[in-house]
Amino acid sequence: MGPIKRRRLLTGGALVLVTAVVSACGVFGGTTGEPASSGSGPVSLEFWTINLKEGYTPYIEGAIRRYEQEHAGTTITWVDIPDFEQTQSKLLAAISGGATPDVVNMTPFILPKFAATGTVYSLDELAPDVPSIAAEYAPGLWDAGVIGGKAYAIPFYGSVSALIYNADLFREAGLDPDKPPADWDEVFAAAEKIHEKTGASGFVQTLDDFDDAGNPSDILAGQAGVPLLSDDGKKAAFATPDAVRHLERYAEGVKKGWIDRTSVNGGVMDGAKVLAQGKTGMVFLGPWILRWLQDNTDAETFKKFKVAVHPKGAGGAANGFLQQFAVPKASKHPKEALDFARYFSSTVLELAKQAPVLPGLASVADDPYFQSSPEIKVLVDQDVKFYWPKHPAVAELFAALRTQFQAALLGDKTAEAALKDAAGEWDRILPVGQ
Amino acid sequence: MSGTALRTRPGRAARPPRAWRAVRDSRWGWLLAVPAVGLIGGFVLYPALNTLLFSFTDFNGLTPASFVGTRQYEALATDAVFHRTLLNSALITVTVTVLLVCLPLPVAYWIHRGIPFRRFFRTVLYLPVVVPIIVSSVAWKWMLDDNGLVNHVLVSLGITREPVSWLSDPGWAIWSVAGVIVWRAFGIYLLIYLAGLATLPGEHFEAAAIDGAGHVRTFANIVVPQLRGSIVLSSVIAFVAAMRTFDEIYVLTGGGPVNASKNTAYYIWESAFSFFKFGYGSAMAVVLLALVLGLVLLGLRLARVAR
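One line per chain: the protein sequences are F and G, in this order. Just so it is clear: in the first sequence, position 249 is 249 by my numbering, and no numbers are missing. Just so it is clear: in the second sequence, position 217 is 1217 by my numbering, and no numbers are missing.
Hints are computed from structural coordinates only; laboratory data are not their basis. It should be emphasised that the depicted structure is a prediction, and the values quoted were computed from it without experimental measurement. Take these hints with a grain of salt, some might be off.
Claimed, not checked - Computed footprint of chain F on chain G, listed as stretches where at least three residues anywhere in the stretch have a Cβ under 8 Å from a Cβ of chain F:
hint, stretch
1, 1059–1068
2, 1113–1119
3, 1263–1276
Heads up, the beta-carbon is just placed ideally off N, CA and C, and yes, glycines get one too.
Same shape as in the complex, but just chain G:
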């Protein structure tokens, strides 16, 4: 082999410029991304941009829209119902997120460690997820009625003397809605944690057992730290889903009584599709989107800092 051969770079002159090469090499990647980009663009970005645009109009769904500047946002600032819905959204979201992140974790651990009838429990706890939301909500509406099954059981067992107005008492309505959401979604988060637990090496649990750690210490010192990724994922999913809650409120309470269980997502729907105020509804949607995005990003950053 000659020294010239070592110094020169055969074929270099025939190769295309580096930038073009990068494009050529990645063209298949781009092509494969086209369907996903198209779907996201068509079904997420385009509607989101449309919503932003409509929020500066008086669009009513039927006639051409006129630009009204920031009038819709100014109206939001003084709308007591909107403020109430924000508070309700926060109450539902915090309750649902905390319960859905915390409750399924120990249950998943018990199932993972092989409690008797684990398949039965896994199936039963996941069952509400596969029942259509409207069907389960209607069933709960009947059970939570003043004359419903829940009150019948509570009164029969002497737990309460009078039926509790789960859905028609402003003090209870929002918590009833949150409870039904937690019941329905529990299985999803259980599944996330079970999947996370399945990835943990068995040696961790064996070592803990050899060191004499009981279930509580194993759970606190091994399961929770090791499943941090699943917990963050669950928190984000639960948070976003809770902020968007609609079906349960629609069926159970209609947002009442006295707006006690009306959240922002419901108010957006009501304004747009019941009151024909699409511009106003869009402004609320933009505020909600900004809140959700901001809080999710903040949460993720805090999770990174903690790690």
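Excised from the complex, chain F in its bound form:
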């Protein structure tokens, strides 16, 4: 082969490669268009859940089997993604590859991005009477899926922060374990006393990397009662004197040791671990953590843990988190997918009997089972609110907030400077993150 031919071959090869690369952009082009018409032929739906395989397989498979029996010709393929972070990356990969699930378990933390990019259906594209569907669900949970006035998700199950505390440490500190702190002033006072009398820290409140818990927004909006955003949603509004005072208490607590240092850089499970070790007095997690505590402590230790309603914050409601179902635009059977999502959210009582979770359906939450024990009752006895902004860049907003909180808690900055810097970051991100 002569050098010219070889050069032509190489040039041709390079052109093919570049063309392939450029055309790949088309593959990443997302999905748009009208809902696929649902014919009368067999329907196959792929259904993704987050971390439910371990321990809940009989429930999920049983519920799927019942649906398949009631809907002849419909087949459900269940895929469980072991953790939240993987759901996001796997979903992105699936959308890029054009092989999306039909029903996917999401959280309000990532839903805004998928809604803003038109990657999931708004429910009014699939159902004629969305308000009547909305009426079936607890308003606070339904609202977490409403973005820009449109609903994008069916609530599956949720949880609400509760106060989980070590009654033995309360006694040692001279506190009454039957009268746990009812508001945040009492929490700080109890924490100081626990630390002073026992040497253990008073509480852990992680700034966490477990994004869907949204603790930084709870600290500001739930506990201190300051709005996160301006009325038009375009500016940060949390750098207020109330927020500064509240964050200063946190910084003081970390410095003096009555707030556990795990709060600075730990995640939700790190806080639970410190509680399990008997080295902190309180954590503020959903009652679902009791199952983990029971599995990871001996019976004698587990008896020490008690549960109470979340201390009242100026925001007026306890911080919540939620698992939802959304229908990706690439679904071949979106209407059937929505039907299945609604069906599955109605099976949650079965799940709640295995783990204390709050059902999305109001009728299920009214079941007498939810009055049967303190750890279940606490779910339905308090108002729940999702304090985080329903903005497509919510992960980036929280990362900025978390970093500045860490700086304040470690004493690198004053609380005022940290909040001011965080607000500056939010003002930069809010317009470009749309």
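Fit chain G to the given chain F structure using the hints.
Only chain G this time, still in chain F's reference frame:
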């Protein structure tokens, strides 16, 4: 044999042109290279070119990308977090590379020279390599906690009066991450050096012993010069691996506190998969790739010059 026979070249007219002959002779070579070229093309070159392309777009992973020229690179120039991650990458890389190139070498020499329980030491030191990174990192996270085993031992022995915040103190977090990486990867480099030592003729060590050289002189004057190839190889592998560190940071610190342990590889992942900023993440990946390639090539050239 006639003179004609000597002058002519029998069969020459029947032979194909030289260039074609070269292609024909090497066609099996080309065929055998196809799987490797396909794999490299599909899994290295194609993604790398895609990344380069995405770095000039605002690709978010969900909707069609628009070309934005050099906007992502301009944003990198003013991103304080990115600058911090570059510094952190450099700190982790220099620390890890130096320790992983230097520490296993004398240990390999001791094992090679036949210390007691050499098989035991070899196995124990290699064990962390076979433990999944996530598993070992989670174990270290628990041990390095304020209330963890490491602090318990240090306080019990009176080495420190208060627990050290290995993972939540910005001054310690990055060094804790580097320490866990060194612990995990030590065995790989030990193995490289042991393989290198196994190729050295035994006469070198015998001659050194006859000349009265002790272990230190033998190590300095025979082992180190003779294992120059292994040292260069270890340096390149350790450097590239350290620049790509992700798992340990993800599990141990999440890049915090206050971005104190966030390196560029972690920031790339965070930007792309957490913030949906694939274009921005791609621009960082291109910068990181250029840095790694440039520094590796420079290092190899310096190694050649030194030789």
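A quick look at each hint next to the structure:
1. For a cut-off of 8 Å, the count of residues in the stretch 1059–1068 of chain G with a CB near a CB of chain F stands at 7, and the three-residue condition holds.
2. Note: the stretch 1113–1119 of chain G has 0 residues with beta-carbon separation from chain F under 8 Å; the three-residue rule is not met and the coverage is violated.
3. Counting residues of the stretch 1263–1276 of chain G whose CB lies closer than 8 Å to any CB of chain F gives 5, which reaches the minimum of 3, so the coverage claim holds.
Hint 2 from the list above is the single one not met by this structure.
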